[in-house]
Amino acid sequence: MSIFGAIDAAASGMTAERLRLDVISNNIANVNTTRTSEGGPYQRQFVVFEPRPSSGAFANMMNRQMQLNGVQLNGVKVTGIKKDDSPPRMIYEPGHPDADADGYVKMPNINIITEMVDMMTASRAYEANVTAVNVAKSMMLKALEIGK
Amino acid sequence: MPIQAVNSVKLPMMPSGGSAAAGATVASDKTFGKMLMDALNDVNDLQQKASQTSVDLATGKIEDISQVVIAAEKAAVALQLTIQVRNKMLESYQEMMRMQV
Amino acid sequence: MFNRLFESQPINLLEKALAGSSLRHKVISNNIANINTPGYKRMEVSFEDELAVAAQSENRQHGMSLTHPKHIAPANKTPEPNQIRKIENTSLRTDGNNVDVDAEMAAMTKNNIFYNTVAQRINGYYTNIKLAIKGG
Chain A
1 MSIFGAIDAA
11 ASGMTAERLR
21 LDVISNNIAN
31 VNTTRTSEGG
41 PYQRQFVVFE
51 PRPSSGAFAN
61 MMNRQMQLNG
71 VQLNGVKVTG
81 IKKDDSPPRM
91 IYEPGHPDAD
101 ADGYVKMPNI
111 NIITEMVDMM
121 TASRAYEANV
131 TAVNVAKSMM
141 LKALEIGK
Chain B
1001 MPIQAVNSVK
1011 LPMMPSGGSA
1021 AAGATVASDK
1031 TFGKMLMDAL
1041 NDVNDLQQKA
1051 SQTSVDLATG
1061 KIEDISQVVI
1071 AAEKAAVALQ
1081 LTIQVRNKML
1091 ESYQEMMRMQ
1101 V
Chain C
2001 MFNRLFESQP
2011 INLLEKALAG
2021 SSLRHKVISN
2031 NIANINTPGY
2041 KRMEVSFEDE
2051 LAVAAQSENR
2061 QHGMSLTHPK
2071 HIAPANKTPE
2081 PNQIRKIENT
2091 SLRTDGNNVD
2101 VDAEMAAMTK
2111 NNIFYNTVAQ
2121 RINGYYTNIK
2131 LAIKGG
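Chains as they are written, first to last, in my numbering: chain A, 1 to 148; chain B, 1001 to 1101; chain C, 2001 to 2136.
Treat the hints as calculated values from the structure; they're not laboratory data.
Mixed in with the good hints there might be a few duds.
Below are the DSS-like pairs computed for lysine-lysine, each with C-alpha atoms no more than 27 Å apart in a straight line [stated by the list, open to error]:
no.: 1; chain 1: C; residue 1: Lys2026; chain 2: A; residue 2: Lys137
no.: 2; chain 1: B; residue 1: Lys1074; chain 2: A; residue 2: Lys148
no.: 3; chain 1: A; residue 1: Lys148; chain 2: A; residue 2: Lys77
no.: 4; chain 1: C; residue 1: Lys2026; chain 2: A; residue 2: Lys142
Isolated chain A (complex conformation):
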């Protein structure tokens, strides 16, 4: 945790939440996509987050660990974009070119309401990170006013 640890952590949160928003938008855009290059319908994607491990010099890190009792305050990291393996929605639509013998079409396993709610949480989390950056900034600028 250097002087700007709070801002670094919040910035990593902003990057992660924006990536989540990108993925959610992609899910919504593909809500009716029945063909993909791998075959079958589009599968819902989601982003996996984990706490970011500390980077930097070992001594620096060691020092930090001693002070904070092993608590890591380095923000968030995206470990990957995973596919949702739940079964596709089956829609009865015999005229569809991708319909099977029984007239059912395999639609992506995307629930538009879930995606909208996820989008709202991503947007609010992004705002919260922006607020954290602004608060950290105003705190530090306030410290600069000491003695003025």
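Go by the hints and put chains B and C onto chain A.
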């Protein structure tokens, strides 16, 4: 009047040992000059510390901005106090020099 | 006589840090301006580590020292900081651009505060010196 004479003035308000009632008669080894020297050394230490935090700031080794600002502010206040004390002392010395005996 | 005033280690490092911070702002602004330029790779400025090396080598005094008035003073060993580095090995989007606007905005905020702090320290340094000269 030699300036050393000031050195031997005892400070009645801050006896270094013994009872406070002994007042000016106590044989204190803490002379005014010694106290002044200590104060100057303290100011110097504070300035050195503030300089070191400035170096740490420039080289990115600071953990918190308040460390830098507070160290610098301590040093600045100490310096101002020292300068005012010096001015007052000079003033009173000159006052004494002007005195008709 | 004035070298002691203007070339002392802290003020020297602070000046270099201020110059580096100013350059860093230009580079960040350039990164943000190129947020939609295909194939643009972001750039960054590093000076803290260079200054740390300079501060250490000055502290250790392992260089040549002047033991005779006719010796020629060694050149200022402080390595020039403010190297602009291009980060080529990442890609954030399919067009090859690797500018992350959130990271750049955060970097700009950090740089802004850093600049303010260093400027305040330089100001304080000269205020103290002027105070000592004027004697209150």
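Inset, instruction - Give me the numbers of the hints this structure contradicts, sorted from smallest to largest. - result: 3
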